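Visitor: The lines below spell out each chain.
There are 2 protein chains.
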Amino acid sequence: MRLSTRLAPVAALCAAVLFNSSHAAEDTAADAKMLRAIYTAALTNGPAYEHLRELTTKFPGRLAGSKNLAGAVQWGEAVLKATGADRTELQPAMVPHWERGAKESIAIAGGAKLTAVALGGSVPTPAGGLTAPLVELQSLDALKTTDVKGKIVFFNRPMNPEYINPGLSYGDAGDQRNQGPGEAAKYGAVGALVRSLTHAHDDVPHTGNTTYPPDGPKIPAAALSTIAADKLSAALKADATLQVSMQINSRWFEDAPSANVIGELRGSEHPEQIIVVGGHLDSWDIAPGAHDDGAGIVQSIEVMRLLKAVGYKPRHTFRVVLFTNEENGTRGATAYSTAAQEKKEQHLFALETDNGGFQPRGFNLGNPAGNAAKRAARWSALFEPYGIASFSDGVGGTDVHPLLAQGATVAGLTPDSQRYFDIHHTTEDSIDKVNPRELELGAAAMASLIYLVDQYGL
Amino acid sequence: MRLSTRLAPVAALCAAVLFNSSHAAEDTAADAKMLRAIYTAALTNGPAYEHLRELTTKFPGRLAGSKNLAGAVQWGEAVLKATGADRTELQPAMVPHWERGAKESIAIAGGAKLTAVALGGSVPTPAGGLTAPLVELQSLDALKTTDVKGKIVFFNRPMNPEYINPGLSYGDAGDQRNQGPGEAAKYGAVGALVRSLTHAHDDVPHTGNTTYPPDGPKIPAAALSTIAADKLSAALKADATLQVSMQINSRWFEDAPSANVIGELRGSEHPEQIIVVGGHLDSWDIAPGAHDDGAGIVQSIEVMRLLKAVGYKPRHTFRVVLFTNEENGTRGATAYSTAAQEKKEQHLFALETDNGGFQPRGFNLGNPAGNAAKRAARWSALFEPYGIASFSDGVGGTDVHPLLAQGATVAGLTPDSQRYFDIHHTTEDSIDKVNPRELELGAAAMASLIYLVDQYGL
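In order, the protein sequences belong to chains A and B. Residues in the first sequence are numbered consecutively from 1, following this note's numbering. Residues in the second sequence are numbered consecutively from 1, following this note's numbering.
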């Protein structure tokens, strides 16, 4: 099925011809009726929100290696069984195991405490903590021209407010958290502080993964709330000799066993061909993980319920995958795509939901021929009554992306994004930030796309 | 300018011809640059959210006749002056003056209290309250076939969850609150309870206006939270003889003086032709009025700031109008349109924002020719980068609608609506439900449309 991208226009033509020969003609009236039935089933007492309440209250802080992630795996399989999966499976994956330990403490030496959380993967401070002078930088590049030896480096570049899509601002500022500490360590820094990656101006610190270059030195690293970052910056301006004390009590353990949770409806015509919908079960340790990605988990399960509720029998095998370890290792995604390759499974389509449970606006899509978004856009009129207006090019998401290399079309749900980074990777990513109807509308949009792809292909 | 709607296609053609003769040709590159400048000014430290904090904390519960509405009027004029209005004006309007009095109490007689609020405009219960048997109805029609004499009527039809737009569900269920008590009174009921108009299942009651037919009997009326409504319905099923006690302490006063607040930038080419943007200053007495309609107030002021921030000098007179008394009388809108007619003012365009400060999605538009939405849609590509994709037919909103009859094109901002009715007319309509970027994106969308209309007309 894979074609060189240089042949994309030809591929599109061929796909259209193949489509006409191998599938029924599209029946817009019947499809419109099916979508309406799916949306009605979702909006009338759909259980997604109650599932999310259960997941986030019973198993908050579902980080790889934690007891709560193990509990969530069991919970996920039970819910998929109760939803009517023909078959469930726990697909093993060994995952990284990092623990925060006792609460971290960051303070101006001899002065005010600063609201902060250790970054995921951070090494601990030496016993007794560390105290060192501070240097504030706006970029990793500045490391080349600044003496940071023996100092704590404070990356304080705010997310750029000018992007309309905060995801772009997040990507833009993310090097400070992802690579900043490791890079600063190369230049002799002894610790790193990072401004939280958020547009919100509040006292809530945002964690997230940091990675050190292999074989490079490792220094402890924490994120400050944006208010704490402003406070620290002002204090440093007032006193250039200011020192900061850091105490981080984290620890790395041996890899731990975990699993992807798979639930299936066997295809009635082509059981050997697979359509996937999924999100990730794990969350950061400090976070209830409601939007990231409890929402995606309960929406994926809800897609299965909706297909059954409207009496639809998939032609191809429909599979819900609750991926493990998206946040700090993506070992779940690797385990899934590796097994698919080994078993020579044929994945037609894989749809991810990991951008929050907000009002859905569209999908991003990618396929080897490079025409997936255009192909899906032919259904715009069907989706228009439901506020789904955007079909853009993309690679789905972290967990389904590897299937693209196996010839699958990958896709991701695109919800509104303005509120997402306000609570991303924080204690505040809780169920009260999720609107039950927005959550169900996302599930209904996905079930609708799955139905259309199952009927007509992409 | 007015044309019969039967001539709409011809009108569109004529408008296009007239446009070409009377305005500069549209310069898409320059316009795109202007929109980008407007959005950047909005997203980079725009003050709308801080204005909203001030309005909702200093002057919550801005109901017509209240001290807080009077305070908000003064505040609004001061902010418009500080924003750089060439001229401000307080346009007087006499407004209804209803007060809730001491907190209402609704309870199962001899049993549990029920979370409730009196409806706006409700008459009080007799001294000492009233206790009567209960009858539950699902519609006003059921009054014709049910004996409600001497009883308290309980309208308990939920909002229909199947509509995608909750505004339609609200309209659909709204007769219970708007006319239900007055209609029940005609049939001899002594009191009325109404299920709160919301999709949320919680213990927050929603007030809102109820109106009695002129010269008909009037009975006291309150809204129950959806949880209280379910509780009461279950209790009634268990005991058909159940009675309910109501105590409402409301009072009508003489009409009170209030004012619309007007702030203007004088047009550089056609000062006699007016473009309006506005929202309403008043709110329900129990509500901080953040989304309804504090958001619209600060967005309207922000439109003026944005035009000035990007150095744009309007060709026509640009007017911000902070309308008074939208919630229970619309005397502000009447005063404004009456004055416009008396002064023979020529209104080209009037844009309202009264649907909450959520992520903006588009505009509804109406004009005498019936082609305003289509005309505005020619700017779709300019708005596309900002998520503004919908240009639909409509009548703007309650406050600008009267100007349509004077030949103006009217419009309303259309934001996401899923969360709006969760907090509408409640104590929970507070600033923490508003996202600063979504609020500014709405203001930027409006400023962009105002710029385009000012440049090219509709």
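These are computed hints drawn from the structure, not numbers from a lab. In this text the structure is predicted, and so the values were computed from the model without any measurement. Among these hints, one or two may not hold up.
As the list claims (entries may be wrong) - Cβ pair distances, simulated, as ranges:
hint	chain 1	residue 1	chain 2	residue 2	range
1	B	G71	A	K81	58 to 64 Å
2	A	A82	B	A142	47 to 53 Å
3	B	S105	A	A112	34 to 40 Å
4	A	A82	B	Q138	47 to 53 Å
5	B	G311	A	S392	30 to 36 Å
6	B	D215	A	A82	55 to 61 Å
7	A	K113	B	T334	43 to 49 Å
8	A	K81	B	E99	54 to 60 Å
9	B	Q138	A	Y163	44 to 50 Å
10	B	Q138	A	A32	26 to 32 Å
11	A	D432	B	K144	41 to 47 Å
12	B	S233	A	D432	49 to 55 Å
13	B	K374	A	A405	42 to 48 Å
14	B	S105	A	E26	21 to 27 Å
What the hints assert, rightly or not - Which bits of chain B does chain A cover? Going by a derived footprint, with three or more residues having C-beta under 8 Å, they are:
hint	segment
15	289 to 302
16	400 to 414
Stated by the list, open to error - Computed far set for chain B versus chain A, every beta-carbon distance over 10 Å:
hint	residue
17	P124
18	W252
19	A256
20	R361
21	Y386
Even glycine gets a Cβ: it sits at the ideal position worked out from N, Cα and C.
Visitor: Taking the hints in turn, state whether each one holds.
Guide: Now the hints, each set against the structure:
1. Checked against the given bound of 58 to 64 Å, the beta carbons of G71 of chain B and K81 of chain A, roughly 59 Å apart, stay inside it.
2. Between A82 of chain A and A142 of chain B the CB atoms are about 38 Å apart, so this pair departs from the stated range of 47 to 53 Å.
3. For the pair S105 of chain B and A112 of chain A, the beta carbons lie near 47 Å from each other, so the given range of 34 to 40 Å is not met.
4. For the pair A82 of chain A and Q138 of chain B, the supplied restraint of 47 to 53 Å is violated, since their beta-carbon distance comes to about 32 Å.
5. At about 33 Å, the beta-carbon gap between G311 of chain B and S392 of chain A stays in the expected band of 30 to 36 Å.
6. At about 59 Å, the CB distance of D215 of chain B to A82 of chain A agrees with the hint of 55 to 61 Å.
7. The given range of 43 to 49 Å is broken by K113 of chain A and T334 of chain B, whose C-beta atoms sit roughly 57 Å from each other.
8. K81 of chain A and E99 of chain B have their C-beta atoms about 57 Å apart, which keeps the hinted 54 to 60 Å range intact.
9. Between Q138 of chain B and Y163 of chain A the C-beta distance comes to about 48 Å, which sits within the given range of 44 to 50 Å.
10. The given range of 26 to 32 Å is respected by Q138 of chain B and A32 of chain A, whose C-beta atoms sit roughly 29 Å from each other.
11. Between D432 of chain A and K144 of chain B the beta carbon distance is about 42 Å. The supplied range of 41 to 47 Å therefore holds.
12. Taking 49 to 55 Å as the suggested C-beta distance range, the pair S233 of chain B and D432 of chain A does not conform, at roughly 26 Å.
13. In this structure, K374 of chain B and A405 of chain A meet the distance hint of 42 to 48 Å, their C-beta atoms being roughly 45 Å apart.
14. In this structure, S105 of chain B and E26 of chain A break the distance hint of 21 to 27 Å, their C-beta atoms being roughly 59 Å apart.
15. Figure legend: the segment 289 to 302 of chain B, annotated as covered by chain A; annotation inconsistent (0 residues with Cβ-Cβ distances under 8 Å, at least 3 required).
16. Note: the segment 400 to 414 of chain B has 0 residues with beta-carbon separation from chain A under 8 Å; the three-residue rule is not met and the coverage is violated.
17. Every Cβ of chain A is farther than 10 Å from the Cβ of P124 of chain B; the closest lies at roughly 36 Å, confirming the non-interface assignment.
18. No beta-carbon of chain A comes within 10 Å of the beta-carbon of W252 of chain B; the shortest separation is about 37 Å.
19. Taking the minimum C-beta to C-beta distance to chain A, about 37 Å, the non-interface status of A256 of chain B holds against the 10 Å cut.
20. Its beta-carbon lying about 8 Å from the closest one in chain A, R361 of chain B breaks the requirement of being farther than 10 Å from that chain.
21. Taking the minimum C-beta to C-beta distance to chain A, about 6 Å, the non-interface status of Y386 of chain B is violated against the 10 Å cut.
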